[in-house]
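Each residue of the sequence shown is one higher than the last, beginning at 1 in UniProt numbering.
Don't take every hint at face value.
[Claimed, not checked] Ranges of calculated distance between the beta carbons of each label pair, as one might list FRET restraints:
#: 1; residue 1: ARG219; residue 2: TYR336; range: 41 to 47 Å
#: 2; residue 1: LEU277; residue 2: LEU315; range: 17 to 23 Å
#: 3; residue 1: PRO48; residue 2: PRO201; range: 34 to 40 Å
Derived by calculation from the structure, the hints in this document are not laboratory data.
The beta carbon of each residue, even a glycine, is placed where N, CA and C say it ideally should be.
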Amino acid sequence: MTSSLPLAPAPAVPAQAAPAQSPAVSAARAPELTVVIPTFNERGNLEPLVARLEQVLAGIAWEAIFVDDNSPDGTADALRAIGRRDPRIRCIRRIGRRGLAGACIEGMLAAQAPIVAVMDADLQHDEGLLPRMLDAMGAGADVVVATRYAPGGDAEGFSAWRGRGSRIATTLAQRVLHVTSSDPMSGFFMLRRETVEELAPKLSTQGFKILLDILATARGRLKVQELTYSFGVRQSGDSKLDNRVLMDFLGLIVAKASGGLVSLRFLSFATVGAAGLVVHLATLRLGLGFALSFLAAQTVATLTAMTFNYVLNNLLTYRDRRLTGWAFLRGLVAFYAICGLGAAANVGAAEWAFYQTAQWWLAGIAGACIGAVWNYAMSRALVWKDAA
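Can you make the complete structure from the sequences, with help from the hints?
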């Protein structure tokens with residue numbers, strides 16, 4: 001692949017010899033590498049990781065930006081303490097925002113250096129690879145991926161099910177999005193900050209696979225080089241992966257395959273809506289089984305399905321803007337009102353489509369689509385109003 005983002009020319013060096021610098025002055029010079037490290041409950045890993053970075057990056061001007069999602073274990077406080085001793089260590093503490101991809105994007109955009117690396121804080125990534133990755137960038141690569149799956153690499157730190165899942169996801173990403181990397185799911189990579197600046201408006205802040213998003217968004221314009229490493233075992237802290245990763249991953253695949261026409265958040269909202277339909281039908285059948293009138297059973301089923309959809313969307317679709325306390329109850333009332341109007345829009349659109357085409361199934365799909373779009377747009381604007 002050829003790159004559309006050529007390597008920036010090196011700055012001119014004065015002819016005269018530079019004066020000798022003290023270690024303190026040398027350490028304060030502008031960084032040539034920024035290491036971005038997203039964290040959540042990683043307090044126990046911080047001191048060992050910083051010590052390792054200092055050792056492997058000796059002779060390189062570097063800084064590390066830790067982006068912490070308000071860890072309850074005091075990760076941010078520990079990072080500030082380290083930063084008071086070493087100004088190369090910076091911390092961005094995020095309040096009300098969650099997600100690995102968004103944390104990585106914020107950290108990369110805050111970088112001072114022209115080259116940015118992303119890695120985890122759990123000591124599973126081999127920080128000793130960073131100098132070689134930096135050399136590869138200097139040789140002309142646009143992205144350097146630390147891969148577990150090329151010959152010479154391994155993923156022994158994965159459990160059996162996570163290993164299989166990662167390989168399946170990698171194959172799917174390669175075939176659907178035509179990403180050529182052997183490990184587009186890697187969380188350990190390096191690229192130019194100018195690349196991030198260019199692509200950031202098109203990247204999703206949801207989900208976990210930021211490298212996949214970068215490669216898919218660039219559409220083959222980046223020169224990718226890979227270096228193998230052995231994926232280690234987590235030492236302490238909490239894994240950022242949970243059962244919602246599958247939805248995020250599939251949403252990202254659909255969003256990129258559709259050219260951004262279908263957003264990850266809308267896909268999640270629609271998936272919850274489909275599950276809500278199942279809940280509605282099951283509740284309706286149960287109500288009729290208890291000898292309720294159809295009107296009564298339908299009313300109970302509708303309220304049950306709307307409540308189910310609201311709770312699940314609050315947990316999954318809008319988990320980065322999750323409502324709690326009184327805000328949760330106010331949002332529920334607003335969601336009832338929005339879905340009621342959405343039902344009216346559904347019926348109106350379906351009736352018009354049936355009149356125009358005389359095809360009941362086409363009319364039903366048209367009504368459902370109009371209702372879903374209405375519910376999503378209005379919920380985003382009025383219920384989870386600060387969400388992107």
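Each hint tested on the structure:
Under the hint 41 to 47 Å, the C-beta atoms of ARG219 and TYR336, about 42 Å apart, fit the expected range. Separated by about 18 Å at the C-beta atoms, LEU277 and LEU315 satisfy the suggested range of 17 to 23 Å. Against the hinted window of 34 to 40 Å, the Cβ-Cβ separation of PRO48 and PRO201 comes to about 36 Å, which satisfies the hint.
Going down the numbered hints, you'll see the structure goes against none, and every one checks out.
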